[in-house]
Amino acid sequence: MKTLSLIIALLLTVTFTNAQEAEKGKSITVNIDKLQSNSGHVLISLHTENTFMKGNGIVDKKSKIVDGKVSVTFENVEEGTYAILVLHDANDNNQMDFEPNGMPKESFGASNNSMSFGPPQFSMAKFDVDDEDLEMKIIL
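This note's numbering applies: residue 30 is where the sequence shown begins, and numbers increase by one.
Please note that the accuracy of each hint is not assured.
Restricting the straight-line Cα-Cα distance to at most 25 Å, the calculated cross-link-like pairs of lysine-lysine (BS3-like) are [as the list claims (entries may be wrong)]:
id: 1; residue 1: Lys155; residue 2: Lys166
id: 2; residue 1: Lys166; residue 2: Lys134
id: 3; residue 1: Lys134; residue 2: Lys63
id: 4; residue 1: Lys166; residue 2: Lys93
Here are the in silico distance ranges between beta carbons for each label pair [claimed, not checked]:
id: 5; residue 1: Asn105; residue 2: Asn60; range: 15 to 25 Å
id: 6; residue 1: Asp157; residue 2: Met82; range: 26 to 36 Å
id: 7; residue 1: Glu128; residue 2: Asp96; range: 39 to 49 Å
id: 8; residue 1: Ser56; residue 2: Lys91; range: 14 to 24 Å
Just so you know, the hints here were simulated from the structure itself, not pulled from any lab data.
In this text, a Cβ means the ideal position worked out from N, Cα and C, and glycines have one as well.
Start from the sequences and build out the full structure, keeping to the hints where you can.
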């Protein structure tokens, strides 16, 4: 009987510890408005420096556009340094399309709205997740 009680107590301790650890992460809410059309979807990716501009992020989301607006939340993000990339995939082919001269055909953006000529840079788009939830607006 003592063994059974000990096993149940251990299971409850592990369960509650894991639940508390899952709640330790913060949320990042990304708002995008003034999209030029409701066609397609918006692809939003959360990146570390190692994944930035190298394909998929550590978390990728796809959102419908409603009345020219999108709002997406990344949940349980651990403390660290991140950047967000956004693409309005107007033709729903899950990739950025380019003109013959190399210029993008579809709108894109990055956290901190740090857009200059050329592709986004992690050093300009990075932000820290620490002790508070974040909300940011990204302009395409």
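Do the hints match the structure? See the list:
Taken as a hint, the Lys155 and Lys166 pair is honoured in the structure, with Cα atoms around 14 Å apart against an allowance of 25 Å. With a C-alpha separation of about 22 Å, the suggested pair Lys166 and Lys134 falls inside the 25 Å cut-off, and the hint holds. Annotation: proposed proximity of Lys134 to Lys63 holds, straight-line Cα distance about 17 Å (limit 25 Å). Distance hint between Lys166 and Lys93 is fulfilled; the C-alpha atoms sit about 17 Å from each other, no more than 25 Å.
At about 19 Å, the beta-carbon gap between Asn105 and Asn60 stays in the expected band of 15 to 25 Å. A hinted range of 26 to 36 Å is violated for the C-beta pair Asp157 and Met82, which are about 19 Å apart. Between Glu128 and Asp96 the beta carbon distance is about 28 Å. The supplied range of 39 to 49 Å is therefore violated. For Ser56 and Lys91, the Cβ-Cβ distance of about 18 Å falls inside the hinted range of 14 to 24 Å, so the restraint holds.
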